[in-house]
Amino acid sequence: MAHIGDFGKLSPDSVNGYLTTMGAGAKTAHLDEKTRQLISLAVAVTTRCDGCISDHSQLAVDAGATKEEIAEALGVAIAMNAGAALVYSVRAMDAVEQAKK
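Quick note on this note's numbering: the sequence shown kicks off at 1 and runs consecutively.
By construction, these hints were calculated from the structure, which means they are not laboratory data.
Computed from a prediction, not measured in an experiment: that's the story for all the values here.
Any given hint could turn out to be false.
As the list claims (entries may be wrong) - Listed below are the simulated DSS-like cross-link pairs for lysine-lysine, each with C-alpha atoms no more than 30 Å apart in a straight line:
| # | residue 1 | residue 2 |
| --- | --- | --- |
| 1 | Lys67 | Lys34 |
| 2 | Lys27 | Lys67 |
| 3 | Lys27 | Lys9 |
Build out the structure end to end from the sequences listed, making use of the hints.
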């Protein structure tokens, strides 16, 4: 995370685009900050982003999320990963069937 500023000097539009997308949800304010951070943390787990996990863990706690709420959000992430593995397993079996033909 320490080198994002360096990257921003090399590719400012990429970093500015990221910052724009990060701030978009807060502008509409249909979800509260705690909910946004719980979603962000669950997505960070499913995308395996260590920096995002670190940042959004802190932001979720700062927004008032309890350990129980965080655990529940992470349970959703686990279920989504398991669901994706199931769907892709079926696709793999379809590929096996195609390979046999």
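What's the verdict on Lys67 and Lys34, does the C-alpha distance respect the 30 Å limit or exceed it? This hinted pair holds, its Cα atoms lying about 12 Å apart.
Within a Cα-Cα threshold of 30 Å, do Lys27 and Lys9 meet the stated pairing? Status holds; Cα separation ~26 Å.
Going straight from one Cα to the other, do Lys27 and Lys67 come out at no more than 30 Å? 27 Å, holds
The structure fails none of the hints (numbered hints given earlier).
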